[in-house]
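Chemist: Residue numbers (the working numbering), protein chains in the order written: chain A, 29 to 338; chain B, 29 to 338.
Bear in mind the hints are in silico, worked out from the structure with no lab data behind them. Some hints here could point you the wrong way.
[To be verified] Computed footprint of chain A on chain B, listed as stretches where at least three residues anywhere in the stretch have a Cβ under 8 Å from a Cβ of chain A:
id : segment
1  : 55 to 69
2  : 143 to 151
3  : 158 to 165
4  : 180 to 188
5  : 244 to 257
Each residue gets a CB set at the ideal place from its N, CA and C atoms; glycine is no exception.
Number of protein chains: 2
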Amino acid sequence: MATDTSPRVAIGPVPDALLDSAVLRGGGLISPIDTADALIWAGSPETFPSELPASVRWVQLPSAGIEDWFDSGVIPKDTEITWTSAAGAFSASVAEHALMLLLAGVRHLPAHIEARTWRQFEFFPKIGTLRGSTVAIIGAGGIGRALIPMLAAQGADSIAVNRSGSPVPGAISTYPASRMDEIYSRADHFVIAAPATPATRHLVGRAQLAAMQPHSWVINVARGSLVDTGALVEAIESEQIGGAGLDVTDPEPLPDGHPLWDLTNAIITPHDSNPPGVRPAAFADHVSKNVTRFAKGEALAALVDPVAGY
Amino acid sequence: MATDTSPRVAIGPVPDALLDSAVLRGGGLISPIDTADALIWAGSPETFPSELPASVRWVQLPSAGIEDWFDSGVIPKDTEITWTSAAGAFSASVAEHALMLLLAGVRHLPAHIEARTWRQFEFFPKIGTLRGSTVAIIGAGGIGRALIPMLAAQGADSIAVNRSGSPVPGAISTYPASRMDEIYSRADHFVIAAPATPATRHLVGRAQLAAMQPHSWVINVARGSLVDTGALVEAIESEQIGGAGLDVTDPEPLPDGHPLWDLTNAIITPHDSNPPGVRPAAFADHVSKNVTRFAKGEALAALVDPVAGY
Numbered sequence: 029m030a031t032d033t034s035p036r037v038a039i040g041p042v043p044d045a046l047l048d049s050a051v052l053r054g055g056g057l058i059s060p061i062d063t064a065d066a067l068i069w070a071g072s073p074e075t076f077p078s079e080l081p082a083s084v085r086w087v088q089l090p091s092a093g094i095e096d097w098f099d100s101g102v103i104p105k106d107t108e109i110t111w112t113s114a115a116g117a118f119s120a121s122v123a124e125h126a127l128m129l130l131l132a133g134v135r136h137l138p139a140h141i142e143a144r145t146w147r148q149f150e151f152f153p154k155i156g157t158l159r160g161s162t163v164a165i166i167g168a169g170g171i172g173r174a175l176i177p178m179l180a181a182q183g184a185d186s187i188a189v190n191r192s193g194s195p196v197p198g199a200i201s202t203y204p205a206s207r208m209d210e211i212y213s214r215a216d217h218f219v220i221a222a223p224a225t226p227a228t229r230h231l232v233g234r235a236q237l238a239a240m241q242p243h244s245w246v247i248n249v250a251r252g253s254l255v256d257t258g259a260l261v262e263a264i265e266s267e268q269i270g271g272a273g274l275d276v277t278d279p280e281p282l283p284d285g286h287p288l289w290d291l292t293n294a295i296i297t298p299h300d301s302n303p304p305g306v307r308p309a310a311f312a313d314h315v316s317k318n319v320t321r322f323a324k325g326e327a328l329a330a331l332v333d334p335v336a337g338y
Numbered sequence: 029m030a031t032d033t034s035p036r037v038a039i040g041p042v043p044d045a046l047l048d049s050a051v052l053r054g055g056g057l058i059s060p061i062d063t064a065d066a067l068i069w070a071g072s073p074e075t076f077p078s079e080l081p082a083s084v085r086w087v088q089l090p091s092a093g094i095e096d097w098f099d100s101g102v103i104p105k106d107t108e109i110t111w112t113s114a115a116g117a118f119s120a121s122v123a124e125h126a127l128m129l130l131l132a133g134v135r136h137l138p139a140h141i142e143a144r145t146w147r148q149f150e151f152f153p154k155i156g157t158l159r160g161s162t163v164a165i166i167g168a169g170g171i172g173r174a175l176i177p178m179l180a181a182q183g184a185d186s187i188a189v190n191r192s193g194s195p196v197p198g199a200i201s202t203y204p205a206s207r208m209d210e211i212y213s214r215a216d217h218f219v220i221a222a223p224a225t226p227a228t229r230h231l232v233g234r235a236q237l238a239a240m241q242p243h244s245w246v247i248n249v250a251r252g253s254l255v256d257t258g259a260l261v262e263a264i265e266s267e268q269i270g271g272a273g274l275d276v277t278d279p280e281p282l283p284d285g286h287p288l289w290d291l292t293n294a295i296i297t298p299h300d301s302n303p304p305g306v307r308p309a310a311f312a313d314h315v316s317k318n319v320t321r322f323a324k325g326e327a328l329a330a331l332v333d334p335v336a337g338y
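Construct the complete structure from the given sequences, taking the supplied hints into account.
Modeler: Structure below.
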């Protein structure tokens with residue numbers, strides 16, 4: 029609830045009903061920028077104010093990745109303002125997409141959609157279930173943490189992989205990246221949600237695919253380069269694995285005529301797991317939570333480090 | 029844990045490792061039928077023993093629907109034995125299937141699977157999310173109760189419809205069948221899981237479809253006759269609703285050349301939401317739970333009423 033000590037929050041570059049109600053829900057007051065404690069910015073770097081009033085102590089940016097905001101000089105290195113990105117705000121949509129791809133794969137949906145006749149007895153033996161299965165989440169950051177309770181509701185266990193191996197809440201075990209090779213024979217399915225770095229290029233290659241099971245599905249919602257595409261095509265064609273659900277590809281966009289397009293057990297979605305239509309509501313939720321934290325003087329989510337540049 | 033007073037449970041018609049471990053997990057002892065307190069029957073009515081030893085006080089049958097067991101005389105009307113069916117055991121698989129169909133619909137998967145080129149900008153505006161949506165479950169029995177927590181994990185609210193309107197746990201509201209027409213403008217999506225009776229024939233017809241929204245998906249995992257197929261085809265063709273995911277059809281099997289086969293936004297699965305491959309594990313779970321209840325003298329799940337005949 030808003031009180032005399034509620035933070036005054038400006039919204040720019042234009043009024044936005046969804047963000048207004050997010051600020052109010054978070055316990056803030058809508059304010060003109062001249063007297064604002066905080067600025068919620070829903071526009072691009074190009075139209076960002078060249079100077080901010082001294083009253084502004086926090087700026088919320090609308091993107092998860094913020095390279096552009098550094099490149100364009102919006103965020104100075106010597107700022108006294110607290111900057112936050114939208115990192116994590118869109119994790120839930122990507123996790124929902126990953127669950128959809130995994131369910132569609134495990135339950136053999138692509139062949140169903142291609143069918144033009146009643147193929148019940150042919151499909152029966154090919155349909156699996158997530159219930160009782162184990163899903164490995166490779167790179168268990170925001171997307172992974174959003175996905176774990178969704179898998180739990182399906183009766184599936186999650187095992188997580190992150191750099192340090194420090195336990196991820198809800199996962200039955202967490203592996204450090206250094207012991208990652210152990211997961212390939214232990215899990216039924218694999219969701220890739222790790223950042224793309226030189227170290228994670230072709231993280232899932234021939235050897236990892238060979239260690240998987242004939243019913244295993246590989247879901248990639250991170251970056252195409254994490255999977256060796258040639259090895260993946262071979263593994264699907266030879267039925268070494270069940271299939272793959274790919275929201276990202278290598279190369280991307282996937283060129284016309286690429287063999288992945290014609291594999292029934294390769295589901296391609298053109299990097300649309302976080303589509304524009306679902307972003308405003310997700311960003312508004314993020315804003316609401318951060319306004320609440322700002323009002324209470326708590327640490328904000330998705331803090332930007334102006335010196336490190338991310 | 030098994031003790032001297034643990035129930036002795038026979039398994040028939042043949043030994044079954046999955047059921048053995050289910051009985052042990054439930055706190056029972058595996059026993060020959062001559063000295064058994066209970067019989068878990070995984071076979072057909074035809075091979076059921078013509079006489080049971082007097083020690084047997086409970087028989088667990090392997091089917092959810094048990095008309096055949098009455099017709100064949102396995103269950104006498106004047107029995108002193110407690111009979112249980114497998115009703116409810118397979119609800120989780122059907123609920124998982126319903127969630128898959130709903131997610132695939134809302135996130136526009138069928139057009140993705142048909143695509144042979146990168147159609148990101150075309151698909152972007154068509155992709156929705158379950159997060160923040162309201163799903164009406166028409167006929168909230170076992171399948172509906174299994175589905176509600178799955179939807180909750182996706183950030184979707186459930187409203188339930190049942191005969192009496194008595195509150196269904198986890199649903200934000202429950203409507204009696206007599207007030208069902210109110211749900212069509214209130215919910216985003218509709219999952220049909222009601223029994224097929226003369227009263228539920230064409231429950232979802234032209235008027236109900238007209239009250240839905242252009243993004244609404246209709247999922248039917250109950251019986252084909254609950255939906256007016258002709259009206260449904262028209263509603264999808266005219267984009268009056270988003271689409272339909274049908275595990276059951278009218279007529280069934282759906283004949284070759286039927287217009288539903290060619291509609292991108294009609295997903296047809298040939299009544300395979302509860303495929304044979306997932307049944308043994310689901311039945312074993314059900315057995316395990318019932319053995320535990322039997323051991324404690326509690327009421328068993330899926331009790332058969334020999335006099336009423338169901």
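Chemist: Output the numbers, in ascending order, of every earlier hint that fails for this structure.
Modeler: 1 and 5
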